[in-house]
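**Q** In case you want the letters, here they are:
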Amino acid sequence: MNFSLYDFTPFNQWIDKFLHSHMSSFWAVAVEMTIIGLAILLFYALVGLFLVYAERKVCAFMQNRVGPNRVGPYGFFQTIADFIKLMLKELVHIKNADQLLFNLAPFIIIIASFMAIAAIPFAKGLHAIDFDIGILYVIAVSSLGVVGILLAGWSSNNKYSLIGAMRSGAQIVSYELSVGLSLVTIIILAGTMQFSQIVEGQANGWFIFKGHIPAFIAFVIFLISSTAETNRGPFDLAEAESELTAGFHTEYSGIKFAFFFLAEYMNMFIVASIAATVFLGGWMPFHMGGWAAFNHIMDFIPPFIWYIGKTFFVIWLMMWFKWTFPRLRIDQLLTLEWKYLLPINLVNILIMAFVVLMGWHF
Amino acid sequence: MKEVINLPVKNIEEEEYHINMGPQHPSTHGVLRLVVSLQGEIVKSLKPHCGYIHRGIEKMCEKDTYPQIIHLTDRMDYLSAHINNHAVCLLVEKALEVEVPERVKYIRTIIDELNRIASHQLWWCSFGMDMGGLTCYFYGLRDREHILDIFEESFGSRLLHSYYTPGGLMMDIHPNFQKGVKDFIKYFRKKIKDYDDILTGNVIMQARTKGVGILSKEDAISYGVTGPSGRASGFACDVRKHDPYGVYDKVDFKEILGTEGDTFTRYMMRMHEMRESMKIIEQLIDNVPAGDYTAKMKAVLKLPAGEYYQRVEASRGELGVYVISDGNKTPYRMKFRSPNFSNLSALDHMSRGVKIADLVAIGGSLDYVIPDIDR
Amino acid sequence: MDNAALKERILGLVPGAEFQENKQFLTFIIPPAKMHELAVSLKNEPDLAFDYLFCLSGVDMVKFLEVVYHLESTTFGHQLVLKVRTEDRVNGAVDTVCDIWRTAEFHEREVYDLMGIRFTNHPDLRRLFLEEGWIGHPLRKDYVDEVNIVEL
Chain Y
1 MNFSLYDFTP FNQWIDKFLH SHMSSFWAVA VEMTIIGLAI LLFYALVGLF LVYAERKVCA
61 FMQNRVGPNR VGPYGFFQTI ADFIKLMLKE LVHIKNADQL LFNLAPFIII IASFMAIAAI
121 PFAKGLHAID FDIGILYVIA VSSLGVVGIL LAGWSSNNKY SLIGAMRSGA QIVSYELSVG
181 LSLVTIIILA GTMQFSQIVE GQANGWFIFK GHIPAFIAFV IFLISSTAET NRGPFDLAEA
241 ESELTAGFHT EYSGIKFAFF FLAEYMNMFI VASIAATVFL GGWMPFHMGG WAAFNHIMDF
301 IPPFIWYIGK TFFVIWLMMW FKWTFPRLRI DQLLTLEWKY LLPINLVNIL IMAFVVLMGW
361 HF
Chain V
1 MKEVINLPVK NIEEEEYHIN MGPQHPSTHG VLRLVVSLQG EIVKSLKPHC GYIHRGIEKM
61 CEKDTYPQII HLTDRMDYLS AHINNHAVCL LVEKALEVEV PERVKYIRTI IDELNRIASH
121 QLWWCSFGMD MGGLTCYFYG LRDREHILDI FEESFGSRLL HSYYTPGGLM MDIHPNFQKG
181 VKDFIKYFRK KIKDYDDILT GNVIMQARTK GVGILSKEDA ISYGVTGPSG RASGFACDVR
241 KHDPYGVYDK VDFKEILGTE GDTFTRYMMR MHEMRESMKI IEQLIDNVPA GDYTAKMKAV
301 LKLPAGEYYQ RVEASRGELG VYVISDGNKT PYRMKFRSPN FSNLSALDHM SRGVKIADLV
361 AIGGSLDYVI PDIDR
Chain P
1 MDNAALKERI LGLVPGAEFQ ENKQFLTFII PPAKMHELAV SLKNEPDLAF DYLFCLSGVD
61 MVKFLEVVYH LESTTFGHQL VLKVRTEDRV NGAVDTVCDI WRTAEFHERE VYDLMGIRFT
121 NHPDLRRLFL EEGWIGHPLR KDYVDEVNIV EL
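Protein chains in written order, with our numbering: chain Y, 1 to 362; chain V, 1 to 375; chain P, 1 to 152.
In short, the hints are calculated from the structure, not lab data.
This one's a predicted model, so the numbers in the text were calculated from it and none came from an experiment.
The beta-carbon is built from N, C-alpha and C at its ideal position, and this holds for glycine as well.
The reader is advised that the hints may include incorrect statements.
Per the computed footprint, the stretches of chain P lying under chain V, defined by three or more beta-carbons under 8 Å from a beta-carbon of chain V, are [unchecked claim]:
| id | segment |
| --- | --- |
| 1 | 29-35 |
| 2 | 47-57 |
| 3 | 70-80 |
| 4 | 129-139 |
Chain V residues, not near chain Y, derived (Cβ > 12 Å throughout) [stated by the list, open to error]:
| id | residue |
| --- | --- |
| 5 | I19 |
| 6 | Q24 |
| 7 | E41 |
| 8 | K44 |
| 9 | H49 |
| 10 | E102 |
| 11 | K105 |
| 12 | D130 |
| 13 | H174 |
| 14 | I185 |
| 15 | I204 |
| 16 | Q206 |
| 17 | R208 |
| 18 | D286 |
| 19 | K355 |
| 20 | D358 |
List of simulated lysine-lysine pairs, DSBU-like, C-alpha gap at most 30 Å [as the list claims (entries may be wrong)]:
| id | chain 1 | residue 1 | chain 2 | residue 2 |
| --- | --- | --- | --- | --- |
| 21 | Y | K159 | V | K47 |
| 22 | V | K217 | V | K182 |
| 23 | P | K7 | P | K63 |
| 24 | Y | K339 | V | K179 |
| 25 | V | K63 | P | K141 |
| 26 | V | K210 | V | K105 |
| 27 | V | K94 | V | K296 |
| 28 | V | K47 | Y | K95 |
| 29 | P | K34 | V | K217 |
| 30 | P | K83 | P | K63 |
| 31 | V | K250 | Y | K57 |
| 32 | Y | K17 | Y | K57 |
| 33 | P | K141 | V | K217 |
| 34 | P | K34 | P | K7 |
| 35 | V | K250 | V | K186 |
| 36 | V | K179 | V | K191 |
| 37 | V | K329 | V | K59 |
| 38 | V | K254 | V | K296 |
| 39 | P | K83 | V | K94 |
| 40 | V | K210 | Y | K159 |
Looking at chain Y on its own, in the form it has when it is part of the complex:
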């Protein structure tokens, strides 16, 4: 086996060959799927825990505080302690709630974010499925989450939850458009919807540089609208702590609340990794034209590190927004989308198409 940190394809093929040589093709696929499922589950949990910790530290940094510093070195195990606490907490039984939907909603949300992870390439050869319509799949799957939020708000039989869910419905349906259209801008430039090819296409320069002005506009729009789509501040109207106490998850407790909490951070991770993959070159190292030595050093850093670094940069940007801006009002939120982002986006697509036609990109 030729295992390296730079290309996971031989490793994957070796596992595949090994399984096929020992069992029938059906069982081999079944075992592979189980392995991938478990690996993603583990990754999901680790990233979720780390992001909660990271958010606390970033937020503390913004607010002149220290943040968690008691459990483990630099409070690193704080989120694990919190997770244990959440798991052991009582699940409050809501008498007049719609029991089936109330229990189903957290799972829908978490499944939606779980499915989206499958298509994301973490490094060369390190992705669960390489769809040829990868971007379309991610957009489709990530919009499933709104169903969970609506169900949660409706089934809790709480007025605040219902208002929160309705706000979130309007918000996600609107901002889905901008997310999709800003990705369309890049699809025009890349000429493909397959994630692996999009990343390969950025070997000689990231799309945000290659597509210069229209790509940069698309990146900014993507950042804004994906923050809104994940219900994070300053667009956290569905939760709106000071207005609706906790919005759609007011009535949830214990592990069900933890599901919403985890899904929020995973959604943030997913949109950040899409931004990193589509705009910032995914796992591709940073290359400068003509600087051979520099490029060689950059190549030396494993793709996985590049990917994580870019993703966390985008996540940090999103946290920065959240902890500095006040919250928007619902009508301003919709005005921003329908009167500003959407027209800009449509014009931007035209510009990008023109740029690609004329060959004005790098």
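Following the hints, put chains V and P in place on chain Y, whose structure we already have.
**A** Quick look at chains V and P alone, frame taken from chain Y:
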């Protein structure tokens, strides 16, 4: 077979959706309950329900002597505790015709203004939090801590001080007091720029507050909305200017009046007021005259029979104390005209037709303290 | 307008008003039937313009119940105190002034709650601080509550 129930057909447009904001709700800053009737996101009307923290302070006052009453006034508007104390002290001094030493007047004025700044800092951070900007909270509290430290050093307590007594002060100020105050002013002049950077200049914050919750000057006067909220509507209601007490007649400060009467103007009034307070303190801090820290008072204070009224400018508006004395050591009837009580009555008028988020912002800009409403 | 002129003016408006000595404010006791009429003129007459009701209190003087209005004109700065008395401790009622000064709405509810004076024509006369169904009015001198009020 299932029984068929004929529900009365209602027009959905006309149906009102009631939500209870409070008594436990993050934006009411205490135990106030607002029954809000909504149509979608729009507030049709609201009814405040008070009394969750009603302790019957006025009834308790009828059993207490005047120095004891001072301790009760701390518990009304706990964020301007000194100013509440000041009102009662001034009233007793006026009734007994006691002349307090100049030193006391200076120190009281300085501490009142420090208290006002501390109160506005806490208002600023909670207003930021109401708007959804959680970071503001820690900036405000960080700076307020400096004032509380000064208070703690001089008279041992941080929130409920009961430092003023009829005729003077409980004890003299700490030798470090003047230096501490000067250091604080120097520090806070720099830090207040942060406040503007993080919240005042923010696009979202301005879009959410400008033109929202407008209270006209006539309405402000009619509803008795005083303090920064009243002045934002152009109602010149600063008791420090119109009916000076302490040494406010000797210092130079502006009574800033707004014209718009919206949430943003109310916000700006308090920001200006913090700067004006610092200006007042700077004029006084180096000129505190030497002398006694209290006038000679009798052991038992008995107010001559009659009626007395004293107004002071608390950090949220005009605080009035009305006393009917029958010549005993306890008042016959004591009434507090609390600023928040009148300010709250205008909330329904201001918030009709706004969104829920605006209601929270308007409530934040009125800066109500619930124990002062309920007393 | 100075206090002497103001006194003449009020006595001209309500001949039955009784002047009361007070060091701080010009004080009158007004017959309850005349109060609302006087309040309208105080607010609307251009030379009086009492537009700011800064305090409204209820007082129990044992022989009678009293409502005290502290008024100020924001244009001229003159101040005035009016008192209205009722001797009926059960159904004593005074005309509301909350159609003239809006702040009176809450203050009158408070007075009704704690002192038990009714206000006729008040739009929403309910208890403000205490719960519905509370027996008695705590600020009255004859109020007894052996559980909550500890006599020393």
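**Q** What hints, given by number in increasing order, does this structure fail?
**A** 1, 5, 6, 7, 12, 15, 16, 17, 19, 20, 22, 24, 26, 31, 32, 33 and 38
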